[in-house]
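Single-letter residue listing:
Protein chains: 2
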Amino acid sequence: MTSASSTARTRARIEITGEILAAARVRLTHAGPGELSLRAVARDVGMVSSAVYRYFASRDDLLTALLIEAYNELGAAAETADASVAERTDFVARWVAACHAIRDWSVAHPGDYALLYGTPVPGYAAPKDTISAAVRATSVLVDIVITAHQGRDAELETRVGSPQDLEKMLAGALEFLGQRAEPTTSVNAELAMRTIAAWTAIFGTISFEMFGHLVGSVDDYNAYFDQVVRRLAAELEL
Amino acid sequence: MTSASSTARTRARIEITGEILAAARVRLTHAGPGELSLRAVARDVGMVSSAVYRYFASRDDLLTALLIEAYNELGAAAETADASVAERTDFVARWVAACHAIRDWSVAHPGDYALLYGTPVPGYAAPKDTISAAVRATSVLVDIVITAHQGRDAELETRVGSPQDLEKMLAGALEFLGQRAEPTTSVNAELAMRTIAAWTAIFGTISFEMFGHLVGSVDDYNAYFDQVVRRLAAELEL
DNA sequence: AACAAAAAGAGAGCACTGCTCTTGCTATCT
DNA sequence: AGATAGCAAGAGCAGTGCTCTCTTTTTGTT
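From first to last, the protein sequence lines are chains R and H.
Quick note on our numbering: the first sequence kicks off at 5 and runs consecutively.
Quick note on our numbering: the second sequence kicks off at 5 and runs consecutively.
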């Protein structure tokens, strides 16, 4: 029986890996990445700590796996919210729905959010596996913006600086946006600039809320976020 | 000799406290708050770890002291940059100068920045001592905005939602802004909304840069930040 | 000047962490 | 059936925050 993955052992391995991840996830949700102890997770699943190392080579490896899971969950939440808007040409509604889905997930998963958008762990550099997952939520937002502008005649006018400056500065972003747009269209640098700024503003707002910087200034976080999101929608001319 | 602080011991205490803080600061600058070990700091200053506890009751206390120092340094940088603009009525120039000073300091002190604006430490709640220091950099920005709008006839028109909604939502912020404005003036809720959003956007942008989320999208961080800041200046109608 | 009180440093120790290595057992493949 | 590889457990190392005890030094008072 050389079939790839049907032996009891491989099945057990997958299951146990999942159990460890789930246990770690539970601890992470309300504890923050720095407090996540591999030994504590091991105890949760009824293992000795050294046994966990058969499944994850190091604590960083475990964090990476959690990172990917969390990114995917966030991305899925954004995708679902966007897809749930029936009127596909109501780009403001889609934008608002996706943004709120992102915030809602973040509020419900503080520890995971801290892992994704908080201080990076020590010498930790996110491996390539994480990129595709990391990009999901962002892609939802970007797609809404790009689709909204796809068929329009007039391109956005550059507000600050020259289009050449923007193009040079945002080369990487323009490439990414270009891949998501229809092949024939070229992506306006001004639109790219505003999109990145809006994207940053969204996560900046959530981070400020989550990390306590809005305490005393803002009373109703949800209402405030809604304001921010709708203003960004106007800024993006959705 | 009962005079408050002239004995050799009190002088030594202040000096040693400073040495510990300085050593911790050096470690923090390029290491991140989670990696800051009290024992390592003790070794740096040639003490045994238990001796450090005569000066700081816990690691959290040390972090709090570092937090205050860093906030003050950031605040001072912003204040200096603002003050260095000769033409006091050129509010855009003052805004740009202050914002860039904030980013420059952040880039030069990654570990400190992570302590201030990254994931909060475990169960750590910033004590009141930190607030006055924390507010300094923000106050510079707020003062520029408020002063710019002080003598104007027309108030900003509410863009999204109603003024009543904004006032209710931003009660805390309006109080803070009101304290910084001239007593006679009442602060416009729309202005408060835009100011908070701009403030959030600035630190969101810096956080995204520092925590690696702009890698691949933005090539020239300084130029990008300049764009963001100038667009916010326009948004704030400085 | 002498003495009690307070403060400071050093060391040992506890409970915890990430991680490695060795030992015994068991499922898998040839 | 026998060799091989995978798995779990335990001991152990170096590091962490923090506490407690002990000794020495400085301080303030009698």
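Among the hints, erroneous ones may be present.
Since copy identity is lost for identical chains, a pair holds within one copy or between any two.
[Said to hold, decoys possible] Straight line, CA to CA, 16 Å or less: simulated EDC-like cross-link-like pairs of lysine to aspartate or glutamate:
hint: 1; residue 1: K172; residue 2: D224
hint: 2; residue 1: K132; residue 2: D65
hint: 3; residue 1: K172; residue 2: D230
hint: 4; residue 1: K132; residue 2: E23
hint: 5; residue 1: K132; residue 2: E73
hint: 6; residue 1: K172; residue 2: D223
hint: 7; residue 1: K172; residue 2: E194
hint: 8; residue 1: K172; residue 2: D147
hint: 9; residue 1: K172; residue 2: D65
Bear in mind the hints are in silico, worked out from the structure with no lab data behind them.
Do the hints match the structure? See the list:
Taking identical chains as interchangeable, the C-alpha atoms of K172 and D224 lie at most 16 Å apart only when they sit on different chains, with a minimum of 9 Å there against 40 Å within one chain. Taking the shortest alpha-carbon separations for K132 and D65, only the intra-copy value of 13 Å comes in at or below 16 Å, while the best inter-copy value is 38 Å. Taking the closest pair of Cα atoms, K172 and D230 come within 16 Å of each other only across two copies (14 Å); inside a single copy the shortest separation is 33 Å, beyond that limit. In this homomeric assembly, K132 and E23 never come within 16 Å of each other (Cα to Cα): the closest approach is 24 Å inside a single copy and 42 Å across copies.
Proximity of K132 to E73 under the C-alpha cut-off of 16 Å is restricted to the intra-copy arrangement: shortest distance 14 Å within a copy versus 37 Å between copies. Taking CA atoms no more than 16 Å apart as the test, K172 paired with D223 passes between copies only; the shortest distance there is 8 Å, against 41 Å inside one copy. Taking identical chains as interchangeable, the C-alpha atoms of K172 and E194 lie at most 16 Å apart only when both belong to the same chain, with a minimum of 12 Å there against 35 Å between chains. In this assembly of identical chains, the alpha carbons of K172 and D147 never lie at most 16 Å apart, being 22 Å within a copy and 34 Å across copies at closest.
Taking the shortest alpha-carbon separations for K172 and D65, neither the intra-copy value of 36 Å nor the inter-copy value of 46 Å comes in at or below 16 Å.
In summary, the numbered hints that this structure violates are 4, 8, 9.
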